[in-house]
Amino acid sequence: MSQPVAPATGSGRIRTPLPFPTAAKPAVADTQLRANLHRATRTIRAKRARVVDEVPDWEALRDAGSAIKADVQRRLPELLEQFEASATAAGATVHWARDAAEACRIVVALTRAAGADEVVKVKSMATQEIELNEALEAAGIAAYETDLAELIVQLGEDTPSHILVPAIHYNRAQIREIFQRRMADAPADLSDEPAALAEAARAHLRRRFLSARVAVSGANFAVADTGTLVVVESEGNGRMCLTLPETLISVVGVEKLLPTFTDLEVFLQLLPRSSTGERMNPYTSMWTGVTPGDGPQDVHVVLVDNGRSAVLADPVGRPALSCIRCSACLNVCPVYERAGGHAYGSVYPGPIGAILSPQLTGVADNASLPYASTLCGACYDVCPVKINIPEILVHLRQQAPHPPAERAAMRVLSWVMRSPRRWAVALRLARAGAGPLGAYRERRTGARTLRRLPWPASAWTRSRDLPLPAPQTFREWWGKQ
Amino acid sequence: MVGKAVSARDEILARLRTALADSPPPVEVPRRYRRADDRPDLIETLVDRLEDYRAVVHHGIDALPRLLSEVDRLAVPTDVPAHWLAGYGGQLHRDAPPLSPAALDDLDAVLTGCAVAVADTGTIILDAGPAQGRRALTLVPDRHICVVRTDQVVGLLPEALSRLDPRAPQTWISGPSATSDIELNRVEGVHGPRRLEIVLVSPDDEVVPDGPAGGSGA
Numbered sequence: 006m007s008q009p010v011a012p013a014t015g016s017g018r019i020r021t022p023l024p025f026p027t028a029a030k031p032a033v034a035d036t037q038l039r040a041n042l043h044r045a046t047r048t049i050r051a052k053r054a055r056v057v058d059e060v061p062d063w064e065a066l067r068d069a070g071s072a073i074k075a076d077v078q079r080r081l082p083e084l085l086e087q088f089e090a091s092a093t094a095a096g097a098t099v100h101w102a103r104d105a106a107e108a109c110r111i112v113v114a115l116t117r118a119a120g121a122d123e124v125v126k127v128k129s130m131a132t133q134e135i136e137l138n139e140a141l142e143a144a145g146i147a148a149y150e151t152d153l154a155e156l157i158v159q160l161g162e163d164t165p166s167h168i169l170v171p172a173i174h175y176n177r178a179q180i181r182e183i184f185q186r187r188m189a190d191a192p193a194d195l196s197d198e199p200a201a202l203a204e205a206a207r208a209h210l211r212r213r214f215l216s217a218r219v220a221v222s223g224a225n226f227a228v229a230d231t232g233t234l235v236v237v238e239s240e241g242n243g244r245m246c247l248t249l250p251e252t253l254i255s256v257v258g259v260e261k262l263l264p265t266f267t268d269l270e271v272f273l274q275l276l277p278r279s280s281t282g283e284r285m286n287p288y289t290s291m292w293t294g295v296t297p298g299d300g301p302q303d304v305h306v307v308l309v310d311n312g313r314s315a316v317l318a319d320p321v322g323r324p325a326l327s328c329i330r331c332s333a334c335l336n337v338c339p340v341y342e343r344a345g346g347h348a349y350g351s352v353y354p355g356p357i358g359a360i361l362s363p364q365l366t367g368v369a370d371n372a373s374l375p376y377a378s379t380l381c382g383a384c385y386d387v388c389p390v391k392i393n394i395p396e397i398l399v400h401l402r403q404q405a406p407h408p409p410a411e412r413a414a415m416r417v418l419s420w421v422m423r424s425p426r427r428w429a430v431a432l433r434l435a436r437a438g439a440g441p442l443g444a445y446r447e448r449r450t451g452a453r454t455l456r457r458l459p460w461p462a463s464a465w466t467r468s469r470d471l472p473l474p475a476p477q478t479f480r481e482w483w484g485k486q
Numbered sequence: 007m008v009g010k011a012v013s014a015r016d017e018i019l020a021r022l023r024t025a026l027a028d029s030p031p032p033v034e035v036p037r038r039y040r041r042a043d044d045r046p047d048l049i050e051t052l053v054d055r056l057e058d059y060r061a062v063v064h065h066g067i068d069a070l071p072r073l074l075s076e077v078d079r080l081a082v083p084t085d086v087p088a089h090w091l092a093g094y095g096g097q098l099h100r101d102a103p104p105l106s107p108a109a110l111d112d113l114d115a116v117l118t119g120c121a122v123a124v125a126d127t128g129t130i131i132l133d134a135g136p137a138q139g140r141r142a143l144t145l146v147p148d149r150h151i152c153v154v155r156t157d158q159v160v161g162l163l164p165e166a167l168s169r170l171d172p173r174a175p176q177t178w179i180s181g182p183s184a185t186s187d188i189e190l191n192r193v194e195g196v197h198g199p200r201r202l203e204i205v206l207v208s209p210d211d212e213v214v215p216d217g218p219a220g221g222s223g224a
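Going line by line, the protein sequences match chains E and V. Quick note, the first sequence lines up with residues 6 to 486 if you use our numbering. Quick note, the second sequence lines up with residues 7 to 224 if you use our numbering.
Watch out, some of these pointers could steer you wrong.
What the hints assert, rightly or not - Incomplete in silico selection of chain E near chain V, CB under 7 Å:
id	residue
1	Trp-101
2	Ala-201
3	Gly-241
4	Gln-274
5	Pro-297
6	Asp-299
It should be emphasised that the hints constitute simulated quantities derived from the structure, not laboratory data. Glycine is no exception: its CB is placed at the ideal position from the N, C-alpha and C atoms.
Please model the entire structure based on the sequences and the hints provided.
Below, the structure is given as structure tokens:
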């Protein structure tokens with residue numbers, strides 16, 4: 006084979022168009038957005054904590070989940086071949102896509118082959134990642150999102166801001182307004198009660214479900230030994246799409262594999278409690294190829310690389326492929342809670358996005374994301390598969406390109422800090438230089454900090470305050486006691 | 007297109023093999039989690055979980071005739087046990103030949119059994135086995151009445167998985183359809199059945215020989 010076999014980075018909606026601090030600025034200033042996010046993340050955090058605390062073997066489940074995923078990564082090529090053989094034997098057709106564009110071309114061709122000019126969609130991060138809706142539209146195929154939050158985002162001509170709840174940035178009044186403006190069959194007297202909004206979505210999509218010929222889904226898990234796909238959902242829109250149409254096309258990242266059907270006993274305990282904070286989500290569907298007389302008779306699976314091979318190639322960053330997209334890390338992250346999902350620029354926001362997006366694209370293309378974190382570690386504590394997100398963040402920061410001024414400053418600092426004598430002298434000098442300034446700032450602002458430094462250090466203070474040295478060091482104070 | 011897909015396959019597999027050039031060591035999966043639950047109150051736990059999801063639970067096969075008396079048009083799988091329908095006076099719609107989605111949408115309720123139920127999570131699992139029918143049957147009608155035998159109830163998820171045929175299409179149901187998409191508050195009733203009713207029966211109630219019922223086909 007003459008083609009290069011080096012792992013390749015991916016494309017699609019995984020690249021932040023603006024540096025994170027720039028993109029976060031309007032979000033942080035939007036008080037409505039911050040109130041919505043604050044309320045939603047607090048609600049889900051409390052629910053998760055309650056249902057996780059009642060499981061006596063939670064840590065044992067996490068250990069098993071983490072190990073199963075590590076094993077999958079180690080054996081990924083052979084497990085993919087096994088999945089392909091099992092699914093094919095059960096009547097599915099397996100396709101492979103190197104990148105986002107190739108995956109979109111396959112879905113468009115399959116939809117056309119089925120003679121359809123519209124598809125109903127189950128919420129899927131993979132199809133958001135590859136920008137499938139845009140590709141379908143360009144090919145003259147209408148794509149209808151059927152998950153309530155995806156529907157809100159699609160009607161609002163917006164993009165998702167959360168892995169689980171793409172419309173988390175809207176409150177009920179804003180959702181009612183979007184429905185009244187964009188949903189032709191919304192009742193004139195629609196209230197902003199969540200039950201009424203859900204009812205409007207049900208009525209809006211009912212006919213479409215009953216007449217759809219092609220559905221597009223993702224998958225939460227793909228089981229290698231049986232060829233089974235699994236979709237975890239709440240509303241029943243997933244069941245509608247996975248059951249009623251004649252043709253079903255599922256877009257699945259290659260990392261979604263599990264070795265055996267039995268392994269689901271671990272992940273179907275970890276995922277719902279971490280994700281929606283429920284003991285179990287209302288509906289889970291599993292299908293293995295084609296079942297005569299039951300569900301779609303034309304079943305396709307599109308296995309997508311799109312940068313996953315590049316993530317796999319980094320032994321430190323590799324565990325990012327363990328992610329089961331539960332979004333627990335988003336819900337506990339102080340940075341996500343304030344900046345919201347759009348600031349991350351990628352379909353994968355929050356702590357997991359800050360490591361996954363730069364690895365999928367190559368760090369140089371998403372260099373600001375590994376810094377979108379305080380390294381507080383809350384994400385690691387709640388991760389159901391124990392991805393050490395802070396460790397990978399630090400690892401990626403080391404790989405990110407650094408401006409010459411920063412590199413020079415770090416070289417000087419490292420020289421100073423290598424010797425206790427030089428460090429003590431430097432501290433004394435800094436204190437002498439900053440002494441009156443520190444006292445002045447303390448009088449003016451109540452804190453011994455500077456808001457802005459002159460260029461090039463201004464880049465550093467754009468999103469941080471610079472603390473000024475204390476009037477005396479701890480050692481000096483100790484010496485006097 | 008086929009030729010292209012094959013080459014994408016080979017290229018992706020080759021990329022992944024290159025990515026694993028560091029030969030990560032074998033992984034031992036620690037399975038120290040609970041595989042079985044010997045709690046004495048399995049049924050109480052199941053009921054508690056189901057009611058937490060706002061499913062309605064009835065006790066005993068005797069509850070069924072009263073429930074069905076409220077149903078004008080009832081869908082059933084072809085192999086529904088005859089005695090479940092004893093005395094049913096409404097329109098019975100058997101899924102043979104298969105009812106179209108539009109026809110199912112016009113019915114008031116569906117009556118099925120299940121394969122297994124998990125107490126710990128309040129989950130009813132259907133795998134297209136006896137008295138369950140195909141997936142569309144329990145999806146489109148707005149009310150799902152499901153008969154669960156107490157000997158079908160297990161404590162934990164791992165116990166349930168070992169009873170299932172992985173290759174059969176499965177639907178796991180934990181309460182009526184719901185969404186948490188608006189401010190992350192749970193609301194019941196979206197696209198799936200908005201009413202889920204469980205009839206818990208003892209295995210002794212089910213000694214009547216199974217077989218296709220003779221009720222009035224629609």
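Cross-check of the supplied hints:
Below 7 Å, beta-carbon pairs count as interface contacts, and Trp-101 (chain E) has one with chain V at about 4 Å; its hint therefore holds. Because the beta carbon of Ala-201 (chain E) sits about 9 Å from the nearest beta carbon in chain V, more than 7 Å, this interface hint is broken. Residue-level restraint check for Gly-241 (chain E) holds (minimum Cβ-Cβ distance to chain V is 2 Å; threshold 7 Å). A least Cβ separation of about 6 Å between Gln-274 (chain E) and chain V falls short of the 7 Å threshold, and the interface hint therefore holds.
Checking Pro-297 (chain E) against chain V by beta carbon gives a least distance of about 10 Å; that is not within 7 Å, so the hint is violated. With its C-beta approaching chain V no nearer than about 4 Å, Asp-299 (chain E) sits inside the 7 Å limit, and its interface hint holds.
Comparing the model with each earlier hint shows violations of hints 2 and 5; every other hint is respected.
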